[in-house]
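Starting from the known structure of chain V, arrange chains B and C with the ligands on it as the hints suggest.
Listed below, chain by chain, are the residues.
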Amino acid sequence: MKRVYAREEFCAGCKLCEVHCAVAHSEYPDDIIKAFLKQKVKPTPRVLVEENQPISFALQCRHCDDAPCTKACISGAMQKDPLTGVVINDESRCVGCWTCILVCPFGAVQRDAGGHKVASKCDLCSTNGGLPVCVQNCPNDALVFTDELWGR
Amino acid sequence: MTLSLSTPDFLIERNRDRCINCRVCVRQCANEAHIWDEEEQRVKSDDALCVDCQRCVTLCPTHALTIRKYPLEFRENANWSANAIKAIYKQAESGGILLTGMGNDQPYPIFWDHLLLNASQVTNPSIDPLREPMELKTFLGRKPEKLMMRDGKLVEDMPPQLELEVPIMFSAMSYGSISLNAIKSLAAAAEKTGIMYNTGEGGLHKDLYKYGKNTIVQVASGRFGVHPQYLEAGAAIEIKIGQGAKPGIGGHLPGEKVGLEVSQTRMIPEGTDAISPAPHHDIYSIEDLRQLIYSLKEATQYRKPVGVKIAAVHNIAAIASGIARAGADIIAIDGFRGGTGAAPLRTRDNVGLPIELALAAVDSRLREEGIRNQVSLVIGGSIRNSADIVKAIALGADAVYIGTAALISLGCHLCQKCNTGKCNWGIATQNPQLVKRLNPEIGAERAANLISAWEHEIKELLGGMGINAIESLRGNRLMLRGIGLSDRELSILGVMAAGE
Amino acid sequence: MLREGQVRIPSGCAISGIMNKRGEVFSGQDIIKSIALMHDRSNGLGGGFAAYGIYPDYPEHYAFHLYYEEQAAKEKTEQKLNSLFHVAESGKIPTRRVSSIRQAPLAWRYFVRPKPESLLEDESEDELVVRTVMHINSQIKGAFVVSSGQNMGAFKGVGFPEDMGEYFRLEEYKGNIWLAHGRFPTNTPGWWGGAHPFTLLDWSIVHNGEISSYGANKRYLEMFGYRLTMQTDTEAITYAFDLLLRKQNVPLDIAIATLAAPFWRDIERMDPERQKLFKTVRAVYGSLLLNGPFSIILGSNKGIVALNDRLKLRSLVAASQGDFLYVASEESAIREICPNPERVWAPRGGEPVIGLFEEGGNLV
Ligand code: SF4
Ligand code: SF4
Ligand code: SF4
Ligand code: SF4
Chain V
1 MKRVYAREEF CAGCKLCEVH CAVAHSEYPD DIIKAFLKQK VKPTPRVLVE ENQPISFALQ
61 CRHCDDAPCT KACISGAMQK DPLTGVVIND ESRCVGCWTC ILVCPFGAVQ RDAGGHKVAS
121 KCDLCSTNGG LPVCVQNCPN DALVFTDELW GR
Chain B
1 MTLSLSTPDF LIERNRDRCI NCRVCVRQCA NEAHIWDEEE QRVKSDDALC VDCQRCVTLC
61 PTHALTIRKY PLEFRENANW SANAIKAIYK QAESGGILLT GMGNDQPYPI FWDHLLLNAS
121 QVTNPSIDPL REPMELKTFL GRKPEKLMMR DGKLVEDMPP QLELEVPIMF SAMSYGSISL
181 NAIKSLAAAA EKTGIMYNTG EGGLHKDLYK YGKNTIVQVA SGRFGVHPQY LEAGAAIEIK
241 IGQGAKPGIG GHLPGEKVGL EVSQTRMIPE GTDAISPAPH HDIYSIEDLR QLIYSLKEAT
301 QYRKPVGVKI AAVHNIAAIA SGIARAGADI IAIDGFRGGT GAAPLRTRDN VGLPIELALA
361 AVDSRLREEG IRNQVSLVIG GSIRNSADIV KAIALGADAV YIGTAALISL GCHLCQKCNT
421 GKCNWGIATQ NPQLVKRLNP EIGAERAANL ISAWEHEIKE LLGGMGINAI ESLRGNRLML
481 RGIGLSDREL SILGVMAAGE
Chain C
1 MLREGQVRIP SGCAISGIMN KRGEVFSGQD IIKSIALMHD RSNGLGGGFA AYGIYPDYPE
61 HYAFHLYYEE QAAKEKTEQK LNSLFHVAES GKIPTRRVSS IRQAPLAWRY FVRPKPESLL
121 EDESEDELVV RTVMHINSQI KGAFVVSSGQ NMGAFKGVGF PEDMGEYFRL EEYKGNIWLA
181 HGRFPTNTPG WWGGAHPFTL LDWSIVHNGE ISSYGANKRY LEMFGYRLTM QTDTEAITYA
241 FDLLLRKQNV PLDIAIATLA APFWRDIERM DPERQKLFKT VRAVYGSLLL NGPFSIILGS
301 NKGIVALNDR LKLRSLVAAS QGDFLYVASE ESAIREICPN PERVWAPRGG EPVIGLFEEG
361 GNLV
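As given, the protein sequences belong to chains V, B and C, one line each in that order. Following this note's numbering, the residues of the first sequence are numbered contiguously, the last one being 152. Following this note's numbering, the residues of the second sequence are numbered contiguously, the last one being 500. Following this note's numbering, the residues of the third sequence are numbered contiguously, the last one being 364.
Be careful, since some hints might not be right.
Said to hold, decoys possible - Mimicking DSBU-like on lysine-lysine, the simulated pairs with C-alpha atoms at most 35 Å apart in a straight line are: (1) B:K153 x C:K302; (2) B:K192 x V:K2; (3) C:K279 x B:K210; (4) V:K42 x B:K422; (5) V:K40 x V:K71; (6) B:K213 x B:K297; (7) B:K213 x B:K137; (8) C:K247 x C:K76; (9) B:K153 x C:K279; (10) B:K206 x C:K276; (11) V:K117 x V:K34; (12) B:K153 x C:K312; (13) B:K44 x V:K40; (14) B:K44 x V:K117; (15) B:K213 x C:K279; (16) C:K76 x C:K21; (17) C:K80 x C:K141; (18) B:K297 x C:K279; (19) B:K210 x B:K192; (20) V:K42 x V:K117; (21) C:K279 x B:K137; (22) B:K153 x C:K247; (23) V:K2 x V:K71; (24) C:K21 x B:K146; (25) B:K146 x C:K276; (26) C:K21 x C:K33; (27) B:K213 x C:K276; (28) V:K38 x B:K44; (29) B:K146 x C:K74; (30) C:K302 x C:K74; (31) B:K146 x C:K302; (32) C:K276 x B:K297; (33) V:K2 x B:K44; (34) V:K2 x V:K80; (35) C:K312 x B:K146; (36) B:K137 x C:K92; (37) C:K21 x B:K153.
If you are wondering where the hints come from, they were derived from the structure by calculation, not from laboratory data. Predicted, not measured: the structure shown is a model, and the values here were computed from it.
The shape of chain V in the complex, shown without the other chains:
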């Protein structure tokens, strides 16, 4: 399946990926200013830039083939789509027990800062059907969305 891979050597550490991810998953996905300034709680990004300069790279859910979070989920909210392979958290079923956060080997699942008690994670922007917004907005092509096993 297509995944987002980081190319550490070109990551400028700007965190624009985070900014745009947060917007895309906010109440105002088409208006960055409203998303940040009007929405009551600050939108949370589902991608996180890890950094220890000069090293930096963006990390988000790896959509593991054998995803531990789906197994650990007590409510069946965390599911891997059998067709696309995307691991998605059905927020209507998520009870916010955070077992997934505990088991994710990449630390890619977070608490939603929006107040409701759910786990928040990368959905590969699967609802917009195109390129994930982090990849789209990275100024330096430090993120790629590809089938290949990048860098392995």
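Okay, now just chains B and C with the ligands, sitting in the frame of chain V:
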């Protein structure tokens, strides 16, 4: 420390209605002009640190930023400009030479903008480059006066030539003055477009050997990174005598830019200053130059053209003629607007000649002496667009070098701070955190795009003149007319006035 | 008004050429008829002819055709000629009154042989003649050398070509090659020297077109000592042929590949050896490439070459009938004098039509 009298050069304006406090600007400004105020939970800035490189402006996701000239005015004085006064404040504090990056920015005349090109009307047809072949292939190197043939066959081969698909090359920029990613971008763009890039005096990094056939390797006064394999690696060798931004001045790469890779490439200890002497200490006269030219030819079995790069200075025509007679195959002349990684400000702004006049004078002189074919002429020193190139070739150049324009294609915003090593665009820096910002894949594509765009434009202009091969433009000064020039300037340029 | 040489005057034109490959001579009547048919391609501001084999009595002598605008020029020129050459015969070139022809200069011709002592060290007779021509044209005011080759001559002036033919009584000459030119200059000071053909030694060129590479060609030729006083393309083309064929002994096909060079895309398709040859030709002689529209006919005592620019931006038609070879701007101009040629063709851009006398094979 006493009070500094320096005031900011730029004003950072942040539109608070738009700023989302994302801190992208904070992370991107290597000058630390944007600051995150933890207490206020918002971004603020220090104008005094800003150099107007526009990195933050370009990356700000909400277009909240504008950089302006700082509005503070000194009392009006036609003689004492703000720059003149501020320079004195700086020197009064530092006691040092003023340093700067990039080329001469003073308002001297730009002769390209006083030259107009011709086009065909009625008496001969213009040519549509989309329908007819339009040929820009260019050979650089010594051409024999005549072709020796026997029984329909060549008796001897041409002397070695550089073959360019477009008469443009990336000028010398060393590893050290610019980042490896910048060089990789240019090298790959050169390969893609069939032109050359030039190593400058910084040696050849191991990753760049694969671009050999698109490489001109430079031999400069510091002889950094020069060894047999290096000489063999390129398609041509260039002896650097001078550069337009600092004629008569050597180079100085401060030790902090000499990291492990630079040190290995330049073959000097890590962390030491790399000092290129002002002259080559084995070249104090033209005979000495001849010796070096032939040493390099010997070393490479006469298989590569050897060029000499000089800055345009007052006696340029005679100097160029001497260099041609000393055996150079290519002469590169760098005008006073040529860029640099670091130069004394006063030298940059006051020494040298406009490349247009230097080129015209040299081409005329070499033709008068009947030796124009012995040597190819490459000029640089602020070629800004394809029309400048067409004008340069009509004045007599074989090809042009572009340096500043190439860097601009990679993102340079001409902030002139290359000497600080804090280039926010990852170009004129060795700081790994900044170098990362220039992805050479993107860089190569942008630089190659620029070359192809200019290639198309040159073809359009040629077609308009009814010419379908670049060689018919070379030295064809009838295709030029001068506007707003004195008789003396017209005669040096060898062009008629507009309307004549 | 500035005259030709002081200013560059673009023009359109008609050209025509006839040769008998066996060297048999025929009168100038046909060429006059042929060029007259293309009357509308000229505008009465220039016409002329070159004829070969017309002076069988003086085959070894250089025939100098001169125009004088004033008596003083004639005296100075004759002084110069007498000092360098033995003049075997001289006299006025016969003309007849033609109503449309006005302000004709005095036309004079001399049959001369170089004095051996006139030759500089290593100088050939041809070079002496070239030097003399350059001297007269640039140094003697009011004098102009119209032609200077052996057993040939040029006749030209301001007027329609057919009137010029009548004026110079060309039907009374018999030659084995005739070239003609009718000119349509965009403006002209009406100077007879500025009309075509342009000649040097026994080269003569008639040319239709305006080459955009003129400035590049000119400055290259100047490096080899040519002085381009006329500022015409024809002059530049003549000198280019002279440089390549006479001075540098370049084979004819290479000279042609220089002036109308094959495109790089065609060179890339050649076998490696030819590829290298043509690459070298273009790299070395790029500045001689003629760019822009042209069709030319080059005449010499060995034969003719007709050539189009490589894009074929100007018309050129060729035909053959028996021993005769015809080339002209328009097919009608050939059919006017040879209604049913055996073969008629339109040569492709850059592809020469070469006609050589049967006995004397090579143009160089
Ligand atoms: S947007 Fe790209 S360059 Fe910026 S932090 Fe994210 S991955 Fe790195
Ligand atoms: S990058 Fe723009 S929006 Fe983000 S903090 Fe800076 S000014 Fe504000
Ligand atoms: S120096 Fe550059 S990045 Fe820093 S504030 Fe100024 S313009 Fe922005
Ligand atoms: S290379 Fe970098 S430091 Fe130098 S002028 Fe350009 S942007 Fe500024």
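Results of checking the hints against the structure:
Annotation: proposed proximity of K153 of chain B to K302 of chain C holds, straight-line Cα distance about 23 Å (limit 35 Å). Between K192 of chain B and K2 of chain V the alpha-carbon distance is near 29 Å, which keeps this suggested pair within the 35 Å criterion. A C-alpha spacing of about 26 Å is found between K279 of chain C and K210 of chain B, which places the hinted pair at or below 35 Å, so the restraint holds. Our distance criterion of 35 Å between C-alpha atoms is met by K42 of chain V and K422 of chain B, whose separation comes to about 33 Å.
As the CA atoms of K40 of chain V and K71 of chain V are separated by approximately 33 Å, the hinted pair is consistent with the 35 Å bound. A C-alpha spacing of about 17 Å is found between K213 of chain B and K297 of chain B, which places the hinted pair at or below 35 Å, so the restraint holds. A threshold of 35 Å between alpha carbons decides the hint, and for K213 of chain B with K137 of chain B the separation of about 16 Å falls inside it, so the pair holds. At most 35 Å may separate the alpha-carbon atoms for a hinted pair to count; K247 of chain C and K76 of chain C meet this at roughly 29 Å.
Straight-line distance between C-alpha atoms of K153 of chain B and K279 of chain C comes to about 13 Å, which keeps the hinted pair within the 35 Å bound. Between K206 of chain B and K276 of chain C the CA atoms are separated by roughly 33 Å; this keeps the pair inside 35 Å, and the hint holds. With a C-alpha separation of about 23 Å, the suggested pair K117 of chain V and K34 of chain V falls inside the 35 Å cut-off, and the hint holds. Distance check on the hinted pair: K153 of chain B and K312 of chain C sit about 28 Å apart at the alpha-carbon level, within 35 Å; holds.
The straight-line distance between the Cα atoms of K44 of chain B and K40 of chain V is roughly 23 Å, inside the 35 Å bound, and the hint therefore holds. The straight-line distance between the Cα atoms of K44 of chain B and K117 of chain V is roughly 33 Å, inside the 35 Å bound, and the hint therefore holds. Restraint check for K213 of chain B and K279 of chain C: the C-alpha separation of about 19 Å stays at or below 35 Å, so the hint holds. For the hint pairing K76 of chain C with K21 of chain C, the CA-to-CA distance comes to about 40 Å; that exceeds 35 Å, so the pair is violated.
For the suggested pair K80 of chain C and K141 of chain C, the alpha carbons sit about 13 Å apart, so the restraint of at most 35 Å is met. A C-alpha spacing of about 23 Å is found between K297 of chain B and K279 of chain C, which places the hinted pair at or below 35 Å, so the restraint holds. The straight-line distance between the Cα atoms of K210 of chain B and K192 of chain B is roughly 13 Å, inside the 35 Å bound, and the hint therefore holds. At roughly 15 Å between alpha-carbon atoms, K42 of chain V and K117 of chain V fall within 35 Å of each other, so this suggested pair holds.
Among the hinted pairs, K279 of chain C with K137 of chain B is consistent with the structure: their alpha-carbon atoms are about 10 Å apart, no more than 35 Å. Distance check on the hinted pair: K153 of chain B and K247 of chain C sit about 18 Å apart at the alpha-carbon level, within 35 Å; holds. Taking the CA atoms of K2 of chain V and K71 of chain V, the gap is about 22 Å. The hint holds against a cut of 35 Å. Proximity of K21 of chain C to K146 of chain B is assessed by CA-CA distance (about 32 Å); at most 35 Å being required, the pair is judged to hold.
Our distance criterion of 35 Å between C-alpha atoms is met by K146 of chain B and K276 of chain C, whose separation comes to about 16 Å. For the hint pairing K21 of chain C with K33 of chain C, the CA-to-CA distance comes to about 20 Å; that is within 35 Å, so the pair holds. For the suggested pair K213 of chain B and K276 of chain C, the alpha carbons sit about 19 Å apart, so the restraint of at most 35 Å is met. The straight-line distance between the Cα atoms of K38 of chain V and K44 of chain B is roughly 21 Å, inside the 35 Å bound, and the hint therefore holds.
At most 35 Å may separate the alpha-carbon atoms for a hinted pair to count; K146 of chain B and K74 of chain C exceed this at roughly 38 Å. Distance restraint check for K302 of chain C and K74 of chain C: the Cα-Cα separation of roughly 32 Å lies within the 35 Å cut-off, and the hinted pair is therefore satisfied. Of the pairs offered as hints, the one joining K146 of chain B and K302 of chain C holds, with about 23 Å between alpha carbons and a cut-off of 35 Å not exceeded. For the proposed pair K276 of chain C and K297 of chain B, the alpha carbon gap of about 23 Å is at most 35 Å, so the pair holds.
Restraint check for K2 of chain V and K44 of chain B: not satisfied, since their Cα atoms lie roughly 40 Å apart, outside the 35 Å limit. About 14 Å separates the Cα atoms of K2 of chain V and K80 of chain V, which keeps this hinted pair within 35 Å; it holds. Restraint check for K312 of chain C and K146 of chain B: the C-alpha separation of about 28 Å stays at or below 35 Å, so the hint holds. Taking the CA atoms of K137 of chain B and K92 of chain C, the gap is about 53 Å. The hint is violated against a cut of 35 Å.
A distance of roughly 28 Å separates the Cα atoms of K21 of chain C and K153 of chain B; the hinted pair therefore holds under the 35 Å criterion.
Figure legend: structure checked against the earlier numbered hints; hints not met, in rising order: 16, 29, 33, 36.
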